[in-house]
Every structure is written in structure tokens, then in C-alpha cells.
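Chemist: Sequence:
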Amino acid sequence: MTLGFLHRFRSLAHSAFAPDGSDTLDRAAFLMLLAFIIAEPFLYGTILPALLNAGAPAPLGSPLLNVFAFLTAAAALLSRSALPQARPLRLPLGAVGGLTLLGVVQLLPLPEGVMQQIASVNLQIYHETAQILRLFPSSRAPSPKISIAPWETASALLGLLACVALFLAAASLMRSRARRRVFGWTVLVSAGLQLSRLAAFRSGLDGLTAPIGIEAAAATCLGIALFVVFGMIWAAVLTNQERGIDSPDAAERFERRFAPVAGRVILWLALAVGLAWIHESSAIVSALVATLVLLGLAFARRRQDVSRRLAGSTAALLIIGVLLAGRAGASASDSATDISTRGLIWKTSIAAWRQFPVFGSGLGTFREAFRRVQPRDLQGLVDQAPSGPLELLVTGGLIGLALGATVAISLLVLFLRAWRSQKHREESAMTLAAFGALLFWTLASLMDDGATALIVSALLAPVLGAGWAASQARGGRIL
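My numbering runs 110 ahead of the 1-based position in the sequence shown.
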């Protein structure tokens, strides 16, 4: 059995790393993408120490992530890899382009007359800054811009483009089943490393203080991995009747059919237990709702060759797993003080948005916008809003929120349609998994600030790219 497993693993690795029609750039891009998924848990909170007393430590995770993303996308798009049909993606890609254009406009110096008409508070902030800088003769007053913290806006803009690059790279590279399988197992390994790093922080073995928000980000990354494994489970269920069909022994047929599904279910339950251990109730609730939605969709479109008994048993185990995770998360629900503080942050965030209603304060500038209206009884530094859409409303205004909602909703509709039209069982399961990961992330971002962290979006983007490649696969090729 061990030799058989090693043979299958070697065959899978060869098919994934050297598929037909691949070239050096294609193989390099695939390896870079896998390396990025493995290294991603260690990028969150990574800092570059100040050299020669030049200043405070600077974040290193975001620049590394951007470099990884752009190099991987460049290698993939310059290789022989064929990008799957992109015409259906016109609406979400157009909305992302709109967000990018909004960020660029926020960074451009604008005439004061225009600023007075479209962003009067932003102009006032620049006037206040200029008055302070006049006290220092060597300082130069900045030109008026919509963004009240241009460096933060530029960083957020680069992060957005990096996620788009990762999506396109994954959609281009994941053109075969072997590659999508290796990618899925790599995401699972990354989730294990995420849990290990968080456990090291909690036990004090890491030697550093845990970065702020790492638990919320880790929980969301774990939830995304949860739905990747869901796709692996459902693919095993859909193709189960084909296993052992050439064997006359009933016991051998049962072993071949039961073991792959059971092993994946155990891995899924392990991730669910890990999610409960992190105690992020918003991620747990989002995972519960999204899992139930996926089970409902999967059974509504159950194929004739699926064993009803096996499919029913698998669904029951998954439902029990999410219910246990939900019960465990309920014990970690917020106290009355936390709920009161969260409500105050919501109220203050709305007050911040009212100062920048249409064009926002600048992508990535929530901290600076919130600080202007932060009440005295709310202590501490608030870096992120308690909700992703609320943060986008403050930093991008009504325009940014409308564009962000267009991206999320249009992608959900596209993945649902692609799943319904996909006739191949394994590709159908992976498309459904991508839809579930996106649905989970959308629900989590409504209730949690950590769901919109760059490290989370950078994991979601290649997962969606692989799902889109699966949705466009027709037999052995991609349209």
C-alpha cells in the first residue's frame, strides 16, 4: 500500500509540475505560487528591524507579498499557460479597475477649487497640515489630495493589484486536474502552518509579541482552507462509484471507495476544530452558514451516480462538525463590554464616513480618518473598522463601496452559474468550493475586521483563480 501511495504521489507530482505544453516559465510560476501559499502564514506581522537607528521597525510582510504576487503573475502570463475565458469576468474586473482608478484619483494633486467641490474636508486637512509645516522653514507644504495619508493609499492600491495578479496567475496555471489537486493540498499544508504559528504565539515560543489581528486573519484563512477541503470531499463523493469497479471483491471495493472520503472528512473536521480553537465567532458563524448553503446546493444537484448513503453520511459528519465548532465558538462570544465598544466603533466609523461621503478619505486610511472623530471615552488606536464594507465606505466613500459590492456580488453569481454549467464532476466540486470560499469570506467580512486583511485576500485570490480555471475546464482542456 505504501509503495502504491508513493507511486501515485510521484505520478501526480510529475503531471502537476511538467504537464503537456508547459515551458520553463510556466513551471517556475507554478512553483512560485506554491511557495507563496506555504510562506504566506509567516508574512503576517513580519517586520524589518530599523537599521542604524534610522527609525521604527517597518512592516515587511506586505512588500514581500506584493513582490511574490507580481513576479508570479509575470512568469505565468509570459509563459505558454493559456488564461481561461475572461469575457464573463468583465464586470468584476471592471469594478476592480474602477477601484484602482479611484485610488489613483485619490493620490493625484487636484486644484483647490475641485477639492472644495468634491472633498472639502480633505482640503481642510491639507490646509491644517500646511499651517503646521510653516513653522519649519525647511519643510514643504504638500499638494492637496483626496487621500489624507497618500503612502497608506499607495500601499493599499499595490495590495489590490497584487491580489488581481494572484487571481490571474492561478487561473492561468491551474489548467489541469493534477495541478489543482497539488494546489489544494498545498492550501491545506498552509492552514496547518497557520495554526502552528498561532499556537507558537499563544504559548510564547515564537519570541515575539503576536501581531494585532493575527487571530482574526488566521481564522479567516483557515475558513478558506476549510472550503478547499470541502471541494476535495465532494469531488471524492462524486467520483466514488468509479473506484474499485474492476475489483470482484466487495471488501476491496468498499475500502477503495470509503478511504478517500473518510480521510478528507477527517482533515475537514480537524480544520473545523482548529477554527473553534481560535475562538473567532464571526468566522465560525460564517463557516457554518456557508457550509450549509453548499450542502444544500450540492444535494439539490446530486448526480445519479452518487451513492446516497455515502453522500448522506458525509453531509451528516460535516453538519455535526460545524455545529460543534459553532457551540465551541459560542463559549467565546463577546462580553457586554466588548459589544458596547464594538457598537461605539461602528457609530464613530459612520461619523468618519460623513466627513468623506463620496470619494472617501483614501484607500487604506481608516486609522487616520477614524482618529479625527474618535471620542475620548474610546481608548486606544483603532486600525480597522469592525466590518469590511464599513471600512471601504470610510476610505472609498459611496463610490468605493458600490465598486466593492459589485466585485463580490458579481463573482458570487459568476461562480454559481459556472458551477451549474460544469458537467465534469471533479471540476464541478472545485468550482463549488471556490463559491463557498468566496461566500464565507463575504459573510466574515461583514462581521469582522480581520477578514479584509491583505494576507487573507492574497490567499482567497489564488483559490478563486483555481476555481475559475476548474469552472472553465472542458475535459482535458480549458476554454
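Read the hints as simulated data drawn from the structure, not as lab findings. Errors might be hidden in some of the hints.
[Unchecked claim] Just the calculated beta-carbon pair ranges, DEER-fashion:
no., residue 1, residue 2, range
1, 195, 261, 54 to 64 Å
2, 180, 211, 28 to 38 Å
3, 207, 295, 45 to 55 Å
4, 482, 253, 14 to 24 Å
5, 190, 531, 23 to 33 Å
6, 215, 483, 50 to 60 Å
Computed from a prediction, not measured in an experiment: that's the story for all the values here. Glycine is no exception: its CB is placed at the ideal position from the N, C-alpha and C atoms.
Chemist: Hint by hint, say whether it matches the structure.
Modeler: For each hint, the structure was consulted:
no., hint, verdict
1, 195 with 261: 54 to 64 Å, "violated, 38 Å"
2, 180 with 211: 28 to 38 Å, "violated, 19 Å"
3, 207 with 295: 45 to 55 Å, "violated, 33 Å"
4, 482 with 253: 14 to 24 Å, "holds, 20 Å"
5, 190 with 531: 23 to 33 Å, "holds, 27 Å"
6, 215 with 483: 50 to 60 Å, "violated, 24 Å"
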